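As a plain string of letters, each chain reads:
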Amino acid sequence: MPVLWLVLIVATLALGGFFAGRRRALSDAGGDHRRLHSLPAYYGWNAALKVAVPAAGVLTVWLLAQPLVVGLVVVGDLPQDVVTEGSSMDLVMSEVRRTVSGLEGAVAAGVMSPEEARSPLLDAQRISEALREAGQIVSGQLPQPVISAAQQMRQLDNAGDWLMSGAALAAALAGLLWALRETGAAFRARNAVENGLRAVLVAAASLAVLTTLGIVLSLIFNTVEFFRIYPASEFFGSLTWSPSFGGRSELGIWPLLWGTLYISLIALIVAVPIGLFAAIYLSEYASRRVRSVVKPLLEVLAGIPTIVYGLFALLTVGPLLMEVFGNEGLGWMRSGTAVMTAGLVMGIMLIPFVSSLSDDIINAVPQSLRDGSYGLGATQSETIRKVILPAALPGIVGAILLATSRAIGETMIVVLGAGAAARLSLNPFDAMTTITAKIVSQLTGDADFSSPEALVAFALGMTLFVITLALNIVALVVVRKYREQYE
Amino acid sequence: MKVIDMYDAPHTGRTVTSNDIKISARNVNVFYGDNHAIKDVSVDIEDKMVTAFIGPSGCGKSTFLRCLNRMNDTIESSRIEGTICIDDEDIYDRRVDPVQLRAKVGMVFQKPNPFPKSIYDNVAYGPKIHGMARNKAELDEIVEKALRRGAIWDEVKDRLHAPGTGLSGGQQQRLCIARAVATEPEVLLMDEPCSALDPIATAQVEELIDELRQDYSVVIVTHSMQQAARVSQKTAFFHLGNLVEYGETGKIFTNPEDSRTEAYITGRIG
Numbered sequence: 001m002p003v004l005w006l007v008l009i010v011a012t013l014a015l016g017g018f019f020a021g022r023r024r025a026l027s028d029a030g031g032d033h034r035r036l037h038s039l040p041a042y043y044g045w046n047a048a049l050k051v052a053v054p055a056a057g058v059l060t061v062w063l064l065a066q067p068l069v070v071g072l073v074v075v076g077d078l079p080q081d082v083v084t085e086g087s088s089m090d091l092v093m094s095e096v097r098r099t100v101s102g103l104e105g106a107v108a109a110g111v112m113s114p115e116e117a118r119s120p121l122l123d124a125q126r127i128s129e130a131l132r133e134a135g136q137i138v139s140g141q142l143p144q145p146v147i148s149a150a151q152q153m154r155q156l157d158n159a160g161d162w163l164m165s166g167a168a169l170a171a172a173l174a175g176l177l178w179a180l181r182e183t184g185a186a187f188r189a190r191n192a193v194e195n196g197l198r199a200v201l202v203a204a205a206s207l208a209v210l211t212t213l214g215i216v217l218s219l220i221f222n223t224v225e226f227f228r229i230y231p232a233s234e235f236f237g238s239l240t241w242s243p244s245f246g247g248r249s250e251l252g253i254w255p256l257l258w259g260t261l262y263i264s265l266i267a268l269i270v271a272v273p274i275g276l277f278a279a280i281y282l283s284e285y286a287s288r289r290v291r292s293v294v295k296p297l298l299e300v301l302a303g304i305p306t307i308v309y310g311l312f313a314l315l316t317v318g319p320l321l322m323e324v325f326g327n328e329g330l331g332w333m334r335s336g337t338a339v340m341t342a343g344l345v346m347g348i349m350l351i352p353f354v355s356s357l358s359d360d361i362i363n364a365v366p367q368s369l370r371d372g373s374y375g376l377g378a379t380q381s382e383t384i385r386k387v388i389l390p391a392a393l394p395g396i397v398g399a400i401l402l403a404t405s406r407a408i409g410e411t412m413i414v415v416l417g418a419g420a421a422a423r424l425s426l427n428p429f430d431a432m433t434t435i436t437a438k439i440v441s442q443l444t445g446d447a448d449f450s451s452p453e454a455l456v457a458f459a460l461g462m463t464l465f466v467i468t469l470a471l472n473i474v475a476l477v478v479v480r481k482y483r484e485q486y487e
Numbered sequence: 001m002k003v004i005d006m007y008d009a010p011h012t013g014r015t016v017t018s019n020d021i022k023i024s025a026r027n028v029n030v031f032y033g034d035n036h037a038i039k040d041v042s043v044d045i046e047d048k049m050v051t052a053f054i055g056p057s058g059c060g061k062s063t064f065l066r067c068l069n070r071m072n073d074t075i076e077s078s079r080i081e082g083t084i085c086i087d088d089e090d091i092y093d094r095r096v097d098p099v100q101l102r103a104k105v106g107m108v109f110q111k112p113n114p115f116p117k118s119i120y121d122n123v124a125y126g127p128k129i130h131g132m133a134r135n136k137a138e139l140d141e142i143v144e145k146a147l148r149r150g151a152i153w154d155e156v157k158d159r160l161h162a163p164g165t166g167l168s169g170g171q172q173q174r175l176c177i178a179r180a181v182a183t184e185p186e187v188l189l190m191d192e193p194c195s196a197l198d199p200i201a202t203a204q205v206e207e208l209i210d211e212l213r214q215d216y217s218v219v220i221v222t223h224s225m226q227q228a229a230r231v232s233q234k235t236a237f238f239h240l241g242n243l244v245e246y247g248e249t250g251k252i253f254t255n256p257e258d259s260r261t262e263a264y265i266t267g268r269i270g
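These protein sequence lines map, in sequence, to chains A and B. The first sequence begins at 1 in UniProt numbering and counts up by one. The second sequence begins at 1 in UniProt numbering and counts up by one.
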């Protein structure tokens with residue numbers, strides 16, 4: 001049974017549960033809702049929640065667990081000799097999965113009967129034929145064990161789906177019965193709904209956390225995989241970045257890390273003073289009318305997609321810089337794509353980020369401190385320099401650190417504005433590149449995903465993740481300390 | 001009596017007619033946008049004396065207090081008419097620099113508002129921006145004198161470089177008084193200085209106010225009539241933006257002339 005149908009059935013059951021629960025409670029109270037413990041709708045919600053939540057739980061867990069279990073069973077049944085030289089169990093299993101989806105496609109397109117797809121006589125030739133007829137991609141000749149494994153997997157999946165439908169429906173019905181049994185005039189449905197809602201909220205929160213965890217784990221596993229085939233000492237020690245898919249590539253992180261930090265530094269040198277001064281003007285000097293116009297305008301900058309900034313770098317800022325620093329001018333710059341181009345544009349991108357956060361932080365400095373300072377005969381700028389900025393400093397530092405992690409993670413501006421050459425240079429008018437831009441270039445194209453040249457992307461991503469995580473943690477700690485200050 | 005120049009403009013040399021009048025306000029009107037907050041208030045505040053402003057919330061007593069050091073200038077929509085003279089010099093005259101004026105008319109606020117700096121830096125803030133000390137030793141002296149004046153020296157002398165925000169509420173308020181005193185003002189304005197303090201801290205601050213009277217003209221806004229009766233020599237009763245009655249504190253509280261004053265102090269309005 002397709003999952004969609006299952007969900008619809010459970011939803012219908014929940015809807016039915018709502019009305020049944022409400023009616024049952026009302027009839028128990030003799031139709032007078034004042035004799036009920038809770039409002040009638042709460043009894044309905046209680047029943048609906050008890051139908052939907054367990055069924056949804058079963059469904060989720062089953063959908064997550066089934067591929068794992070089926071995979072394990074199939075792997076266990078595969079003969080060891082299918083794993084040939086230069087291959088691995090993972091590769092064989094992905095071939096099995098491809099075959100399964102091929103068979104599904106062929107059956108769905110009607111070129112192969114369901115019986116034939118299950119038949120033990122099915123051989124590679126017939127599959128290739130059927131797949132070609134169904135318009136699917138056909139790779140080389142499939143070995144017989146893979147075909148049987150695919151058939152086994154289809155069978156197990158099928159059985160699993162049916163079991164899952166049964167289990168989910170059983171859970172829904174059991175929940176319905178449970179809710180209806182406990183429903184009565186004295187039942188505290190209101191409290192039960194409160195708990196149920198809490199469960200739903202907890203589930204949503206844990207899902208978000210688990211997803212993050214999953215992403216981090218996949219990063220870690222792939223990084224470990226990379227370090228198995230490429231020495232970590234080279235990765236962290238080499239000063240050269242020259243991947244070559246023919247093998248013998250040097251994958252030192254330093255040129256990329258240097259490019260990242262250099263571009264971020266220039267971006268911050270642009271963004272921090274301008275953003276901070278803009279924030280001071282907006283929060284301390286601007287009249288309400290000016291503020292109501294300027295602040296949204298500044299924040300519009302934050303809404304521009306970074307690819308647009310990238311175009312701006314490539315088409316406007318780069319050529320402009322070339323006119324001054326290029327061969328026609330000072331002769332320091334060889335092409336429009338350079339650290340300076342990307343850094344300037346990234347700085348412009350970060351201005352609203354810094355100014356908006358700093359503005360909030362400066363506004364959070366209590367008016368009483370300003371009054372205290374004015375009351376002592378200080379001018380406005382003295383008050384700002386000596387009272388407000390010191391008081392807001394931790395928060396502003398936090399804002400700058402958050403901006404830094406954005407700068408470090410920025411990709412599109414670098415791809416378009418800074419060039420693609422990984423090099424260690426001090427000249428800000430040289431083309432350089434960053435970690436993020438190289439991750440993109442390593443993973444786009446026909447790279448083999450088990451080669452170090454592709455897997456290095458995960459190690460780079462992991463490094464980036466660690467850096468930004470550390471910055472974010474420092475920023476959070478600083479901001480939190482700031483928050484406690486006035487309480 | 002001594003006439004002290006409040007600002008650097010040349011003194012016209014006219015002597016004060018009444019020996020003791022420090023601040024004299026004539027026909028003061030204050031508007032916040034369309035809201036007429038102070039209506040035609042005229043009052044003479046005497047030197048070396050505590051004057052209390054009492055009245056129900058929103059009666060304009062704080063607004064009037066903030067006119068005396070032009071703190072209302074920092075509020076965009078405010079507008080003031082009439083004249084307020086300190087030592088016979090109009091503080092709303094165009095030659096007067098409000099920033100300079102505020103150094104001479106110190107202010108203590110309702111909630112203790114020490115800067116998030118050390119105790120020392122809190123007190124040294126005013127003297128530093130006004131360049132009152134030639135060197136560190138002089139600054140130290142000014143700070144110590146102010147803290148002694150604020151009756152808090154003994155409690156903080158061993159931790160001058162601890163943050164001012166770490167003190168208790170009452171200590172913070174006395175620190176703020178010391179901070180205001182440090183710029184050597186002639187008038188000290190206090191806007192409900194005890195409303196955020198417990199009774200013991202209130203008693204300490206009230207005692208301090210009584211001592212400050214020897215050197216300064218003190219104007220205090222308070223919600224507590226007992227406090228007004230305890231610390232002040234003169235009391236002004238404000239109601240709906242009007243100055244209803246002004247006179248000796250003893251007389252206001254025992255034998256008020258206006259029926260509204262009587263109704264307020266006996267608790268029937270407000």
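In short, the hints are calculated from the structure, not lab data. It should be emphasised that the depicted structure is a prediction, and the values quoted were computed from it without experimental measurement. Built from N, CA and C at the ideal position, the CB exists for glycine as well. Mixed in with the good hints, there may be bad ones.
Unchecked claim - Here are some, though not all, of the chain A residues that point toward chain B, as calculated from beta-carbon distances under 7 Å:
1. 368
2. 369
3. 378
4. 379
5. 389
6. 391
7. 393
Results for each hint:
{"no.": "1", "hint": "368", "in the structure": "holds (4 Å)"}
{"no.": "2", "hint": "369", "in the structure": "holds (6 Å)"}
{"no.": "3", "hint": "378", "in the structure": "holds (5 Å)"}
{"no.": "4", "hint": "379", "in the structure": "holds (5 Å)"}
{"no.": "5", "hint": "389", "in the structure": "violated (11 Å)"}
{"no.": "6", "hint": "391", "in the structure": "holds (5 Å)"}
{"no.": "7", "hint": "393", "in the structure": "violated (9 Å)"}
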